[in-house]
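4 protein chains.
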Amino acid sequence: MIENPIKWPNGYRCAVNFSFDMDAESLLHIYFPDTAHNRVAMASRLRYGPEVAVPLIVDAFERHDLRQTFFIPGWCMEQYPRAIALIADHGHEIAHHGYMHEKINQLTREEERTVFFRALDSIVKATGRTPRGFRAPSGAFSRHTVDFLVEAGLDYDASLDGHDIPYLIGNGQGTLVELPHDATMDDWTQYVCLREFGYMLPIASPERATEVFRAEFDAAWRHGLLWNAVWHPFVSGRAARCDAMIELIEYMKSKGGVWFARLDEIATHVRSEIAAGWKPRVDRLPYRDAPLPGVIAGNGVLPG
Amino acid sequence: MIENPIKWPNGYRCAVNFSFDMDAESLLHIYFPDTAHNRVAMASRLRYGPEVAVPLIVDAFERHDLRQTFFIPGWCMEQYPRAIALIADHGHEIAHHGYMHEKINQLTREEERTVFFRALDSIVKATGRTPRGFRAPSGAFSRHTVDFLVEAGLDYDASLDGHDIPYLIGNGQGTLVELPHDATMDDWTQYVCLREFGYMLPIASPERATEVFRAEFDAAWRHGLLWNAVWHPFVSGRAARCDAMIELIEYMKSKGGVWFARLDEIATHVRSEIAAGWKPRVDRLPYRDAPLPGVIAGNGVLPG
Amino acid sequence: MIENPIKWPNGYRCAVNFSFDMDAESLLHIYFPDTAHNRVAMASRLRYGPEVAVPLIVDAFERHDLRQTFFIPGWCMEQYPRAIALIADHGHEIAHHGYMHEKINQLTREEERTVFFRALDSIVKATGRTPRGFRAPSGAFSRHTVDFLVEAGLDYDASLDGHDIPYLIGNGQGTLVELPHDATMDDWTQYVCLREFGYMLPIASPERATEVFRAEFDAAWRHGLLWNAVWHPFVSGRAARCDAMIELIEYMKSKGGVWFARLDEIATHVRSEIAAGWKPRVDRLPYRDAPLPGVIAGNGVLPG
Amino acid sequence: MIENPIKWPNGYRCAVNFSFDMDAESLLHIYFPDTAHNRVAMASRLRYGPEVAVPLIVDAFERHDLRQTFFIPGWCMEQYPRAIALIADHGHEIAHHGYMHEKINQLTREEERTVFFRALDSIVKATGRTPRGFRAPSGAFSRHTVDFLVEAGLDYDASLDGHDIPYLIGNGQGTLVELPHDATMDDWTQYVCLREFGYMLPIASPERATEVFRAEFDAAWRHGLLWNAVWHPFVSGRAARCDAMIELIEYMKSKGGVWFARLDEIATHVRSEIAAGWKPRVDRLPYRDAPLPGVIAGNGVLPG
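For the record, the sequence lines run as chains A, B, C and D.
Counting in the numbering used here, the first sequence runs from 1 upward without gaps.
Counting in the numbering used here, the second sequence runs from 1 upward without gaps.
Counting in the numbering used here, the third sequence runs from 1 upward without gaps.
Counting in the numbering used here, the fourth sequence runs from 1 upward without gaps.
Since the hints were derived computationally from the structure, they do not count as laboratory data.
You may find that some hints are simply not true.
The list makes no distinction among identical chains, and a pair is therefore deemed to hold if it is satisfied within one copy or across any two copies.
Derived SDA-like pairs: lysine to any residue, alpha-carbon spacing no greater than 20 angstroms straight-line [unchecked claim]: (1) K7 x F260; (2) K253 x D65; (3) K279 x G172; (4) K255 x D243; (5) K125 x G172; (6) K279 x R82; (7) K253 x L292; (8) K279 x E3; (9) K7 x H269; (10) K279 x P55.
All chains should be built: construct the whole structure from the sequences, respecting the hints.
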């Protein structure tokens, strides 16, 4: 039913990636640069990610023989060597997620360049290798971001929302595979009620949240899509939710035909399909370089 | 039980319209005129509407032999000719939804006139015909809007919330059929968690959201009402939700006695019922021309 | 289990009142005094209350032989004579709800006095009798309100939240019966997603919302409490919700031992229980006349 | 599966504490120091805590033979002697929760010191003994808080979120047992829709809310964790919710192996485990003394 579908390897019906954004206190320092040090309880909650949740998640993945993808800000690479080692030593992919979880579309081009390459250095220093992929913190992909991704030679981006299957993005100088996601597969929308971050949402039970994630998976399975989680260790790594994740994995396995893969493996597959003749959508970025002229906006947006 | 009910054609018990507002990036440009171009991820999410969701929805409607109504800002008519052609070629109705999704009750009368007729021109240019209906973007129907609707000779409006069955609105110079809806049938209230647009709502599973939409339908079926969706391709056109929509359509069909129709067809039916003697409610608009004098408002509204 | 319970008449286990606040556009004029006239769609939604929902609710109550209580701002008394007549002619109680739904704790004492007695006059003029009860719009009961209630000789107040059974409030010059409620029985918390009014809540299906209301009723039935709805015609008078209300009423009836009564009847019963020796809690209002001295508040409240 | 688990006494699988924060109107005075006295309805709702809910909760605990922990601001100790006596006389623990529910990380060090010791005095005066534990109001644990906890010789803190089992915190001069919790076990996230406090959340039925609390308990039972509620009498002490709490307690008892304990008992056990050789995590606080230098934050946080 979907137009111009992608063929997954080995006859798999769909692809699944449980990617985790391990942000730790970078969120606190970027949102409250002046008062972060005085928010001890929130810091303790965010540190729960690398210190408690990551070991639990890595163990769960190990028992189910999964290798997945972790997006980690450069600053966190430096702060949490034990969590990083756990992740890397179990064969998971570590990818680029800014240096301090910056909202890069609120920075100047030069500032964005600085944090982009500073983050890249941190990952190389910690893992000994250049990351292959990137996800823009807070989804704040700017009009300049594609340039840095191409310049750094990355293979894929996982920041955008433009499709349910992979496609290509480029700036005229090079292209990357885009591995899109949607807020429906972001755990903040089910589990996070944090006034400090402006998230005032009811907390769903793992059972109700899983209904949402599983409905997306069932559709991916029926239609041949990419199911791409944006989860966070301090959120979805809590024991009750981690157990629900395991049940979801077992459900997926029981349906059969599911390709569990790291995002770098998926990007490689997409390139090989293209080489074999598949013609994906290609988006030239940015869509616009400047504000659209002539918009009659009145008082504009919210509220009232 | 409802007072002064309308008779639906051919003994149908109720009328159903799955209308879609295909806004694409118009939302971004009107809400963030200065920074829209730097919000690439949000743009990609909104472009998902015309590029991915519309083909899926049109295909689903085709398989169920439905012709429905799409409200599309004029600017989107110009930007997405392929989606427009898909919609028009399958017999769906294209109706007026502003030029750039303007909140027209925040514009001057002259600005509103400008965008109203600019949008009208875009639709005529793209489809070769004048649209028959209008829905005010963001529900921001102003005290001037009825004048432009009458001046342009449109047949119906679908912006208001004053009843569960059609009624008439007018300005003393002419009338239109009002085909009302309610936020309960708007998919944003079930599925949208977008901080940028001020929507911080939990994302419901398709099953839970359908409970809400179906309860409204069941009541429409029992009471002879109009069930009028306000859905958005980038929201409800995602595969899992589109499949749930199909199940809802099948449920509606299985109950029997449901008139699935385009809004222009419903407006025509309303006029013929009136010609046959039915006396609908008539609302003279605007309800008021100026602020109510003498209100003692204190510090007024929210919060505290 | 509850301390110092009240005895309901005729061996009833609990008391139930489905009270409705019929606010119509008073909400719009008080919240947006300068722009209300330019918000036509919102006005149409609020007018749905007196024009569509009230007839449906009155009819449903008639078929179930219930007489209940409607709180109506004075301005609405003047604007909607047909709805008022429908309500009054079916034996329902009409009680005081401000003149224009003012947040009275944001007014001066003199302003509050003005709107209080203006509203009283409107009710007397429309119904020929002084109302017996009062509910503060938006729960904004001020430190002066009790004085006006006593001065006007009202019998009861239904604004406060201090108990699950009736109690007394007074100012040293006189007392009123307090018939308390809680936000859990307010339909806005289940059904209202209105950005204009600062309510950004998911819309529950009638079935899920009824779970909440019914759980409160079941507890009232077990513990001998007062179940006191704060519903709104334009919200809970929609067909699907009105039908769910009827099912809830039938459920309550099937449990047995439920006293469905108007609030004035409940207030009368409370006074007779007191005369017979029951000693209710008595709250002298206001709790404080001035700010508490010496509070070290720092930067105070939200966010961060 | 959890790393370095703690052994619970007598072969228990997990520990459970239903702690209640009895804040009464302290919330109103700290959030609205200038207008609290004019918010009578909100005051009545908050007074419901000590006046109606505490007797119900104490009775429910008595019937189930439970002794639990109440965190109470010093000002409330002075205002509600009857509720305090009820709590203390039934063997429950009363612990430190600020003086007026201050957000202490918005105060100066000297202001924090003042309110900390003022609150301590209130508890000593009311109960005749020094409290053994502390929970920071609103989770606003500051960079100075640990110093006062050590200086006052308290045994435990229950403000942080860093683990699912107890650990130690210290400042180099002394340590305390940390008994962590998570917002998932906070009743505000399920039941509170209060515009005044910035909580605009849907109100869950007791059944749905219990799904969330029970899922956390089931995980605690499977993994050997501490289940530590942060509930509020005026919220969870309403009859329908109190009954649901009882059902949850009965469910927990029926599973077996659950240690219901006061937090001071849990702290004592943790110390004895440490004496017996268990090596818990130790967090030196604060994590940072000053803002992190060099953060490139752009326009920082929300929205857009």
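### Query
Which hint numbers does the structure go against, in order from smallest to largest?
As far as the earlier hints go, 5 and 7 are violated by this structure, in ascending order.
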